[in-house]
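Start from chain R and add chain L according to the hints.
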Amino acid sequence: AQTVTQSQPEMSVQEAETVTLSCTYDTSESDYYLFWYKQPPSRQMILVIRQEAYKQQNATENRFSVNFQKAAKSFSLKISDSQLGDAAMYFCAYSWTGTASKLTFGTGTRLQVTL
Amino acid sequence: DAGVIQSPRHEVTEMGQEVTLRCKPISGHNSLFWYRQTMMRGLELLIYFNNNVPIDDSGMPEDRFSAKMPNASFSTLKIQPSEPRDSAVYFCASSLGNRGYNSPLHFGNGTRLTVT
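Residue numbers (my numbering), protein chains in the order written: chain R, 1 to 115; chain L, 1001 to 1116.
It is possible that some hints are incorrect.
According to the in silico footprint, chain R covers these stretches of chain L (three or more CB under 8 Å from chain R) [what the hints assert, rightly or not]: (1) 1040 to 1047; (2) 1082 to 1096; (3) 1105 to 1113.
It should be emphasised that the hints constitute simulated quantities derived from the structure, not laboratory data.
We put the CB at the ideal spot given by N, CA and C, even for glycine.
Chain R extracted, bound-state conformation:
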């Protein structure tokens, strides 16, 4: 069974600074997807970024980028120029390509952004 581990229950960053959230996963599959979702206090789940395992290039979306290390099964999220609106729970998630978007989530990291 696939598992996703987020070892940082809480993180804090100052506005305009950079923060990295960690995620590791375990799978025996070679073809899969990895995701970061953001859940603000409104509780909506918002897709932040997605990475295909067959791509060596790390995904980026504006201020958000990932460091994907397939051999180490590591998938960290870097948020640059942090903004107050980035404060939220962040969930790392895994999906095997054979199961049509079925996601396994980590336990989440709560990110605080301070002035």
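Quick look at chain L alone, frame taken from chain R:
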């Protein structure tokens, strides 16, 4: 597109009552998922459908839970009878999913269920 629409947004009910949660997926999406979120267990997949057919219901806690998808634009999750331990946020999500290709999951705003 309006996104995934869930109703109600909040539901408070007494133990033993029947609860029905509703979901309208994004038009054109063929996969639909029901997740439950609690502090203790995080986000758990309850069941998912592909082309209206239940594919994996191994996450459904017990027989008190049932889910249906009568057509491509509507799904329900029913709990009968409800218990206090069912209190959670229930999310519906949809995607365009086929083997070998995964579009991202789009989530609804969730239903917060409180069973007293």
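Hint by hint, here is what the structure shows:
For the stretch 1040 to 1047 of chain L, the proposed coverage by chain R is satisfied: 3 residues have a C-beta within less than 8 Å of a C-beta in that chain, meeting the threshold of three. Given a C-beta distance limit of less than 8 Å, the hint that chain R covers the stretch 1082 to 1096 of chain L holds, as 4 residues qualify and 3 suffice. Given a C-beta distance limit of less than 8 Å, the hint that chain R covers the stretch 1105 to 1113 of chain L holds, as 6 residues qualify and 3 suffice.
Hint check: no violations occur; every hint is consistent with the structure.
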